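**Student:** Letter by letter, the chains look like this.
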Amino acid sequence: MSGARHLYVHLPFCAHRCGYCDFVTVVGRGGQHGAYVDALLRELELERDLLAETLETVFLGGGTPTFIELPELVRLLEALPSASEVTVEANPETVTPELARALREAGVTRVSLGAQTFRAELLRVLERVAGPDDVRRAVHHLRDAGFDNVSLDLIYGIPGQSATDLEADLGDALALEPEHLSCYELEAKPGTRFTHAWGEELRRQADAMEDYFERVVAVLTGSGYRWYETANFCRATESGRDLRSRHNLAYWLGRDYLGVGIGAVSTIENRRWRNTPRLGRYLEALAAGRAPERELEELDGGVKARERVMLGLRLDEPLPLAGLRRALDPAGLARVEDLGLAERSGATLTLTERGRYLGGAVTAELLA
Amino acid sequence: MKEKNAEWLEVHNPAEFPREVEEVEEPYVKASIIVPKEYVGAVMELCNERRGTFDHMEYLSPERVHLTYELPLAEIVLDYYDQLKSRTRGYASFDYDLAGFKPGNLVRVDVLVGGDSVDALSLIVHRDFAYDRGRLLVEKLREEIPRQMFDVPIQAAIGSRVIARETVKARRKDVLAKCYGGDISRKRKLLENQKKGKKRMKQVGAVEVPQEAFLAVLNIGQGSKSS
Chain H
-11 MSGARHLYVH
-1 LPFCAHRCGY
9 CDFVTVVGRG
19 GQHGAYVDAL
29 LRELELERDL
39 LAETLETVFL
49 GGGTPTFIEL
59 PELVRLLEAL
69 PSASEVTVEA
79 NPETVTPELA
89 RALREAGVTR
99 VSLGAQTFRA
109 ELLRVLERVA
119 GPDDVRRAVH
129 HLRDAGFDNV
139 SLDLIYGIPG
149 QSATDLEADL
159 GDALALEPEH
169 LSCYELEAKP
179 GTRFTHAWGE
189 ELRRQADAME
199 DYFERVVAVL
209 TGSGYRWYET
219 ANFCRATESG
229 RDLRSRHNLA
239 YWLGRDYLGV
249 GIGAVSTIEN
259 RRWRNTPRLG
269 RYLEALAAGR
279 APERELEELD
289 GGVKARERVM
299 LGLRLDEPLP
309 LAGLRRALDP
319 AGLARVEDLG
329 LAERSGATLT
339 LTERGRYLGG
349 AVTAELLA
Chain G
1239 MKEKNAEWLE
1249 VHNPAEFPRE
1259 VEEVEEPYVK
1269 ASIIVPKEYV
1279 GAVMELCNER
1289 RGTFDHMEYL
1299 SPERVHLTYE
1309 LPLAEIVLDY
1319 YDQLKSRTRG
1329 YASFDYDLAG
1339 FKPGNLVRVD
1349 VLVGGDSVDA
1359 LSLIVHRDFA
1369 YDRGRLLVEK
1379 LREEIPRQMF
1389 DVPIQAAIGS
1399 RVIARETVKA
1409 RRKDVLAKCY
1419 GGDISRKRKL
1429 LENQKKGKKR
1439 MKQVGAVEVP
1449 QEAFLAVLNI
1459 GQGSKSS
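Protein sequence lines correspond, in order, to chains H and G. The first sequence maps to residues -11 to 356 in the numbering used here. The second sequence maps to residues 1239 to 1465 in the numbering used here.
One chain only, chain G, in its complex shape (with noise of 0.2 angstroms):
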């Protein structure tokens, strides 16, 4: 991705995102699929979903199409091939090259978890895209991060701009109930292992975050509606 401030410069992840851009390009491809002609409608549709633009159609024979695309590559690293297979009933072979760089309308989408900013976290996204992948983004995240001592607010953003939130309410009791001269070893045992499993936890600000949590950003499907 690029970025034009003073100087064009090259941006390889979201956390290199300046804040304020002039203009932006992003990478293309172009794509090119062979599909039964019964699931040319499937592949367009979700070509146009992926910001695609139409190149080129041919019959390789009165059953096989072969349809070329630009895609943006942003719209094709996460599961477009496994919605391409689903949509196709498996039935479409998909191969493409890198076309140089167009200019793109993108955002960046920042992720605060209890106020604050989580880089790997962030999302550069297409603006028509970002309202909703910022809140599958948050939903996804409440879910995975468990509930803490306090109440654990969380955020998307587009700058100053809070465009979704969803809070991990707090935990109001979390004891032992019973502990008694017999089951001592068992009951530290479980607090040592608690502790083990707060020490696996990645630490932001207050907020222990499990690892899983940071997959949530690869899996809230790159702007397909049906996942």
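In isolation and in its complexed conformation, chain H is listed as follows (with noise of 0.2 angstroms):
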């Protein structure tokens, strides 16, 4: 074994939860930021044989990476190991000039930005801090820095958002050239403050907004950027340049990847971990040089080749079927066939356009 060669690092930090978040998230929190890089630094001394002697990716994500005191995240930056790919989530508004600098100057290589929507109000409504003009903002600095992979989140299905409305957050984000796309439909999920808000509002507008999913793909492509997993687009270059998130496709090829920080998952081999949510519980384990609580699960070969299935088939490209046909039910496999949704061809498996629009119940229907 020659260890993990993708590196996850959570930083939870926000100025504000947002509504629709379901991630493990910590508001403010000022005087332990620097008590928690310190943590993270020495889980990851502990945890450094399961990583390879060299890394491909490194993604920071969150909460607000950029929403710890900028010093505080260069020390982080600077102690990580070094990578072909590395990764930095950021909030709009978080992206000073000074910001964008130092980033680059750290080593970072890709910066996504969660620009949700460009519409104030829908802004609003997800409570998100930035306005519309952070975004720009933002990618402008990014762009004086010195960076040429930026990647921008967006989120459709939001309340009272009408076609038109997303027509102009894909021009809108479209308009700023950024080298990679996630769209995501937004989801409420439950127990979240924004469900309990709006879930009823979602539940009448669902019928009118079936159609968005197929809108972005077609605006997209339409602009030259490949559909190359379920929420992710990426600018086809003319000169081959590959700008899929690479630290993504990782989890999406089924590779190993350590993450370190609270809530963190870990799956390096048969095993998966995830750390505890909880800060305090964190910092004092790491503090007294002890790994964090951790919840394991042990994965046999039958949910590892289940897992490839429902990841392989989110991408674009053919996923291959050797040592996977245990994981897959031949009379499924059959009826999406019969359908047009899926397509066989030697010992790969492809799903066709509408198989992807419908890539969940294609999977389920394909599972054994």
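These are calculated hints, taken from the structure and not from any lab test. All values derive from a computational prediction rather than experimental measurement. Cβ atoms here follow ideal geometry from the backbone N, Cα and C, with glycine treated the same way. Errors might be hidden in some of the hints.
Unchecked claim - Here chain G is said to cover these stretches of chain H; the calculated rule only asks that three of the stretch's residues, wherever they fall, bring their Cβ under 8 angstroms from a Cβ of chain G:
no.: 1; region: 69 to 81
no.: 2; region: 85 to 91
no.: 3; region: 104 to 115
no.: 4; region: 193 to 202
Stated by the list, open to error - Cβ pair distances, simulated, as ranges:
no.: 5; chain 1: G; residue 1: R1438; chain 2: H; residue 2: R124; range: 48 to 54 angstroms
no.: 6; chain 1: G; residue 1: E1381; chain 2: H; residue 2: T152; range: 30 to 36 angstroms
no.: 7; chain 1: H; residue 1: G228; chain 2: G; residue 2: M1439; range: 43 to 49 angstroms
no.: 8; chain 1: G; residue 1: A1444; chain 2: H; residue 2: D230; range: 36 to 42 angstroms
no.: 9; chain 1: H; residue 1: R89; chain 2: G; residue 2: E1381; range: 33 to 39 angstroms
To be verified - For lysine to aspartate or glutamate, the following EDC-like pairs were computed, each having C-alpha atoms within a straight-line distance of at most 16 angstroms:
no.: 10; chain 1: G; residue 1: K1407; chain 2: H; residue 2: D195
no.: 11; chain 1: G; residue 1: K1425; chain 2: H; residue 2: E285
no.: 12; chain 1: G; residue 1: K1411; chain 2: H; residue 2: E202
no.: 13; chain 1: G; residue 1: K1411; chain 2: H; residue 2: E285
Using the hints, build the complex out of the two chains.
**Tutor:** The following block contains the structure:
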């Protein structure tokens, strides 16, 4: 075993918890940012043997990684192992010229901006701190600092969002010429404040918004982007430069990864574990030199194979079926082929365009 | 139920009902209902809706009336008693005896889901009610059958003649929006559960029909306009 080549670092701090968010986040706590960075580095030290000599990707996600004090963020970045792709997630309002330069100097190669929407009233529904101009400004600061790989996150299906709003959002995003776009349908997750406030409205508008996913795909592929994963698009370049998120690609290809920080998940061979989501417990354990409390899951061969099917079918590339037969239901496979939702060629399986819009249902149908 | 082709044939469920019949007889009951006099009108109305034939009425006391009717058995097996109770505020008492067979203008209504005939959903009904019941049944089924990955036509037909039609429109999207390292286990479980749900459904051709949909045939109300 040569070790995992992908590292995820969770930075949970945020200025405000958005109503729809169900990630592990912590509001404020300025005083604890330094201690948290110490704890992350200590956890990484404890798990160093699980990582390969050289890493392909490092991903700092949140929370809002750029919310912590800049010197702390820089200290963290400089202490992390280097990798050919280093991504940092950022909220637009946190991106100043200084931050952009500091990230660049600390070896960050890619920034993923949580734009979500360019409509001020919809940003308010999402309780986002940034305004539409913050997104544009952030992209310009990043470009000025030399970033040539910027991703924007967009959310569609926001309560009150019309088809015209959606088209306008896509147009505004494209105008910034991002290398990469992630477009998510808003999920009203059970238990969030957002679902409590907007669940009813979302159910009412579900029919009207049913074709938003198709519109997103049509507009972006029509503008020269590659729909390489269910919710992810990258600019197709003439030079052949691959602008897919290599870190996320590692998840979808079933590679091993180490995650550090509260609530972070790691998958190494047949084991998956999740760190405690509780900040106090996490800091306490690592201050004492112990690994944090973890929830462990054993992944047997069947589970691994089912995950390979589920994740692999999210991609636009054919899924090699070698070793996955036992995860598949032959009758389900025949049905989705008959319905024109998937195509088998040789020893691979590819979803058709319509199959990709129905990817969840198709996968459920295919699983043994 | 009896059917005459060359010989009489006893039919116990709609699937056995032949396509071509010369004559049909159905079982009847003699119903005996005792009710306060102010509800006599309501009881008569219900019995008439159910193809009943008035037989006899007597006053057991100045307040209580005994009514007898002949009714097709098919008209009382479902929800007749509930209707009787609800239209008389619970005051009616009801008893019946089987009273032999009588000719009836009965037809078999088939239900086709995605083009396939589903025996468990067919009905034998009086020709006068066939259109209404067929329409109610396909409407109910449209609500009960979840949207699939393709359009599903639901038809009610007498022989080859379609008398009602609804369509369950195909879903246009069904994806898990996000899937990253932190939520692979949760997303996998969601899909595994979705698969289990599919296995619980009954497969009619390519269409997944939930068990509840089969109860629709019982819930369309035997000719009651009020339900």
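**Student:** So, for every hint listed, does it hold in this structure?
**Tutor:** A quick look at each hint next to the structure:
1. 69 to 81: violated (count 0)
2. 85 to 91: Violated - the region 85 to 91 of chain H has 0 residues with a Cβ nearer than 8 angstroms to chain G, which falls short of three.
3. 104 to 115: violated (count 0)
4. 193 to 202: The restraint on the region 193 to 202 of chain H holds, since 4 of its residues have a Cβ under 8 angstroms from chain G and three suffice.
5. G:R1438 - H:R124: 48 to 54 angstroms: holds (50 angstroms)
6. G:E1381 - H:T152: 30 to 36 angstroms: holds (32 angstroms)
7. H:G228 - G:M1439: 43 to 49 angstroms: holds (47 angstroms)
8. G:A1444 - H:D230: 36 to 42 angstroms: With Cβ atoms ~39 angstroms apart, the hint holds.
9. H:R89 - G:E1381: 33 to 39 angstroms: violated (60 angstroms)
10. G:K1407 - H:D195: holds (11 angstroms)
11. G:K1425 - H:E285: holds (14 angstroms)
12. G:K1411 - H:E202: Given that 16 angstroms is the threshold and the Cα spacing comes to 8 angstroms, the pair holds.
13. G:K1411 - H:E285: Answer violated: K1411 of chain G to E285 of chain H is near 31 angstroms, above 16 angstroms.
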